[in-house]
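K.L.:
Below, each chain spelled out in residue letters.
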Amino acid sequence: MLDFNFHLEDGELLGLIGPNGAGKTTVFNLITGVYKPDEGNIVFSGRDITGLAPYTICQKGIARTFQNIRLFKDISVLDNVRIALHKDAPYGLLKTLLRTPGFFRGEIQMDKQAREYLQIFSLEDKADEIASSLPYGEQRRLEIARALATKPTLLILDEPAAGMNPKETRELMDLIRWIRKDFGLSILLIEHDMSLVMGVCERIYVLDYGQVIAEGLPEEIRRNKRVIEAYLGEEVG
Amino acid sequence: MRVSRKLVLLVLMLFALGVLAGCSSKQEGGDKAGGDKAAVETIPVGINVELSGDLASYGSNSRNGMVLAIEEINQAGGVLGKELKAIERDCQSKPDEAMNNSAALVGEKVIAQLGPLTSGAVAGSTPVMMQNKTPLIAPAATAENVTVEEKTGKTLDYIFRVCYLDADQAKRMAEFALNDLKVKNAVIFGSTSDDYAKGLAKYFEEAFIAGGGEIVAKEGYVNGDKDFKATLTKLRSKNPEFIYVPGYYTEVALLIKQARDLDIKVPIGGGDGWDSPDMVKVAGVEALNNTYFANHYSVEDPSPTISSFVKAYEAKYKKLPDSFAALGYDSAKILAQAINDAGEADPAKVAQALAQIKDFPGITGTMSINEKHNPVKKIVVIEYKDGKLVSR
Amino acid sequence: MEKKRFVPRSFLIEVLVLAGIFTLVQYLIVSGLLNEYYQINLSAMCINIILAVSLNLINGFTGQLSLGHAGFMAVGAYAAVVVTTIYSQSFILGLLAACLAAGLAGLIIGVPTLRLKGDYLAIATLGFGEIIRVILQNIDFIGGPAGILGIPRYSTWPWLFGLTIFTIVIIANLINSSYGRAIISVREDEVASELMGINTTNYKVLAFVIGALFAGLAGALYAHYFYIIKPSTFNFLKSFDILVIVVLGGLGSTTGAVIAAIFVTMLTAALQTFPAIRMVLYAVILVVVMVYRPQGLMGNKEWGRRTFGRIWGEKNEPLANK
Amino acid sequence: MLEFLQQLINGLSLGAIYALIALGYTMVYGIIMLINFAHGDIMMVGAYVGFFSIAVLGSNIFAALIFAMLSCAALGVLIEKIAYKPLRNSSRIAALITAIGVSLFLEYFTLFLLTPQQRVFPEAAFPLHKYQIGGLLVSNKDIFIFVLAVILMIALQYIIKRTRTGKAMRAVSLDREAAILMGISVDRTISITFAIGSSLAAAAGVMIGIYYNTINPLMGIIPGLKAFVAAVLGGIGIIPGAMVGGFLMGILETMVSGYGSTLYRDAVAFGVLILILLVKPTGLFGKDTGEKV
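Protein chains in written order, with the numbering used here: chain U, 92 to 328; chain Z, 19 to 410; chain Y, 565 to 886; chain D, 121 to 413.
Some hints here could point you the wrong way.
Said to hold, decoys possible - Straight-line distance between alpha carbons at most 20 Å, and here's what the computed EDC-like set of lysine to aspartate or glutamate pairs gives:
id : chain 1 : residue 1 : chain 2 : residue 2
1  : Y       : 865       : U       : 320
2  : Y       : 865       : U       : 219
3  : D       : 250       : Z       : 304
4  : Z       : 236       : D       : 123
5  : D       : 250       : Z       : 232
Read the hints as simulated data drawn from the structure, not as lab findings.
Looking at chain U on its own, in the form it has when it is part of the complex (with noise of 0.2 Å):
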């Protein structure tokens, strides 16, 4: 159903935008390992991980949220940023079981971290509140805080404004690029709002049915006529 072609390079912005039934998603599942393509390769800094497990694909530095979001409900906002700290835990089974200075350290150091990503999207304070008990706004900023832990090089956003208001994504939109510059990192995005892909990324790939209608910088896609046509028509226009 996706016949789909797409680069890009270290560090930058890029933008994903379409009408719905697209296949933007899709081509985020593929990417992170839910869905398997029928063929042809993902490379990533130089190397294929077609097939490879989500986990691994993870491990390897891709990152990403959800377009529904998709926390652990019912366990503290604080773990659900450690559960991403997990796959570099600094102690080993044996010593959980045991309970060794190694372990405590390891816990503290672990805490340290979580918090330090909370503070960046302003969540310190609620550490300690179970994560569905937030609301929307900063439980969808939970989430880039989740997928920031796992330290990715190229993080994965799906609709990061979805049901913000205007001041909640011009923030976002700040803290994005902050991120980008901070953290030295490329960013995938998927976005509805036009507002926020014209501002913040680089270059856009616009898709329809399945296919890259057209690529560009921002000022070129908005008066691209064929995007126009199939997408901004109506928005734009």
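Starting from the known structure of chain U, fit chains Z, Y and D onto it as the hints suggest.
P.N.:
Relative to chain U, chains Z, Y and D alone:
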């Protein structure tokens, strides 16, 4: 939602109340024999049998026999001028529960424990009874090692039984098949999920081969099975002259019926697990012709002791007693005699008296307790003939 | 952040309380004040606690519905008894054999079946439990359906109490760690967990093996307390009994599992005085508790976190769950 | 060959009973995702109702069958209202434990009320006739059970595919929220599902009574478990899956007893189930929907 939850509670409470009411009224009925004269001193007797779980139907029959015996004893003036008081527990067909119950019963200072039925559950109770020097009378535990220590073969001082051993009844049946029915080969098709039937199968095979016969096939079923046709179809092709079916009547009756349905006409034999009025009802008169089983007694025996027992049991429980009921009855009666012999209600003394019992006239035969605490008594072979039990 | 003490005061208090309980009971047993009946129920309580806490790791924390716990208990019981009774080795060797055998069985069963989800996993584990029972029933070396009799009673109060605490501590230690959080994330959202770099299959198997291992331990203790084991003791209804304890206590609450194990053991003992309607009352109580408290007695909350979770002094922080 | 065909006949009769029980399991599961462990015990109650209406009221076999089906339909609805409905929004495992509770209640309340003794179905209610067809033995009971099972299954298929009620059931099973929006009464649909499922179980109970002659309060446990396995084998929640699973289970068990050993029959049944699940994790007819991300 709230309303429906309240409804739930209401309905459940009603159920619980109904059950409790039913139960207490039942107990009243049960205790009547002793209840009228509350002032009379009582001797507590523990009944620890299978009232739930796989063996519930056998356990409850045995319990009925015990309770009937205790009532009769009390009506006849009790023992040593005191009445026997039954304390019932359900061992759920599990060894650990049997043990737990024994501990509770010993805590209530029972003079002895009657039950459980199966050898496994008795083995669970045994250590507690031994430690507390309180006798246990097993009505129907037929395995070899019930009354002796597993490793040393030493007789256990406080464990007794009133039934014969599996080895003896299997041997009796093997000899009967070889000598009376004059068969030369046999197949064994018994339950493999309980030790009782498995033991019988083993002993039968040994005795049958020792007597010059040949076992042409061995098959098994699992307790609770209802369909035996697959295996019977297979056995039919072996053309056996005799089929030995060790197991309980719940399965055996169906098995015989299905065998006859499949036109297997050869004689079929088994052990005391067969004994039940249900055999004829389930298998049918015709199917049961040419079947034989070793048993403790015959419910149609005309002797006055047996017929009065059968009548009393039928009057109280509206059904005929099976072997388990008779053995339960005997275990309570033999206990009463031992208490009388001992002259005082002391568990250890009663155990000594039990070991000395000679020629006790039980429903299941006249028995004497031997040095291994097993009863020495006759084993009858019963033939089903047109729905009637004929002793052979 | 406050610098933690290596041995905080709360830990010392817990150790004192536990030691106190232990000594008191030990005194009552030695002096003969606690009769056989109470001793049996106390022992059954310890065994039930181990079973419930270990099943809770699989069903409550990992969120994988397993209905085959009695099977692992059986493997442990038989392994231990073969070592101690048939080969006359020491109890410690028997316990080790039990854990090893049950853990191995957990691994062999867990690896293929844990790919299944929900009810399919439930029926597959139930099936394996029954297969274990049927196999045991057909091995004459270990007594077939009659089982093994004359097992020495090695499970004394110090063993039972010690190993119960050991089980709770180990499982609480596991849960309150990064590994435990990984295990809980599988329950919360398997897909998200996988995408956060967690090899969910590994953690499911890990929890399953540890759960099985402790079930085996409980089996060994059971066998060496009740003198006799037979395959029919470990049928699927036994697995249901353990599951009932876990759900009554509250899935994902070790405290709940412990409390429910104590409660159910006492309830069963108390109901014995009504032999005829024991099971009816038990069923009614079960339904009423579930209808009124479907989340179990404890939900997924914990009590006495200080008591067990941080035997070597853990800092004050919320558990992985509420 | 002749023996094989004979075994096949044995297997089909057994399978018909499993299939009928499995259908109820699957219907209930399909609609509220509950493994109704009490289902086997509803079958037991059906067998007892059938027994009493023949033995006490002296009705004929068909009247007994219908009476049993109606009573169990009512019982099923009652159980759902009392025990399962309050838990509809709770965790599924809580509902599962409740089902176990209901199952224990039915077993032991019957045991308390009617004693643990087995009852014997009066032979006269359905006298046996044997037919010899080319060396094969077939009885009128075999034929009766098989034909009745097939008729009931066809009737069920008709109800589900062709009637309004059936459409409502399918709608609720697919998406309860959407069904409510479409104006379907979910409560009513669930009640009907329980009624139909339970009455099928009752039919199976009466059949067991006729076929095997004896019934007892704990008779529902093992066939219930086997039927559940059959339902999972076919893909739980899927009606044709339950039928095929039931027959498959019956034939499998018969063949293992006939050509292998009864001792390992249950182990083989579960073994086959596990193998099938490993190859096809949602059963033979199950659709692997996969999770939406």
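K.L.:
Does residue 865/Y pair with residue 320/U here, judged by a C-alpha cut-off of 20 Å?
P.N.:
55 Å, violated
K.L.:
Given the hint that residue 865/Y pairs with residue 219/U, does the C-alpha gap stay at or below 20 Å?
P.N.:
Holds. Residue 865/Y to residue 219/U sits at ~14 Å (cutoff 20 Å).
K.L.:
For the pair we were handed, residue 250/D and residue 304/Z, check the Cα-Cα distance against 20 Å.
P.N.:
15 Å, holds
K.L.:
What's the verdict on residue 236/Z and residue 123/D, does the C-alpha distance respect the 20 Å limit or exceed it?
P.N.:
Holds: residue 236/Z and residue 123/D sit about 19 Å apart, inside 20 Å.
K.L.:
Can the restraint linking residue 250/D and residue 232/Z be considered satisfied, given a maximum Cα separation of 20 Å?
P.N.:
32 Å, violated
Violation of the numbered hints given earlier is confined to hints 1, 5; the remaining hints are satisfied by the structure.
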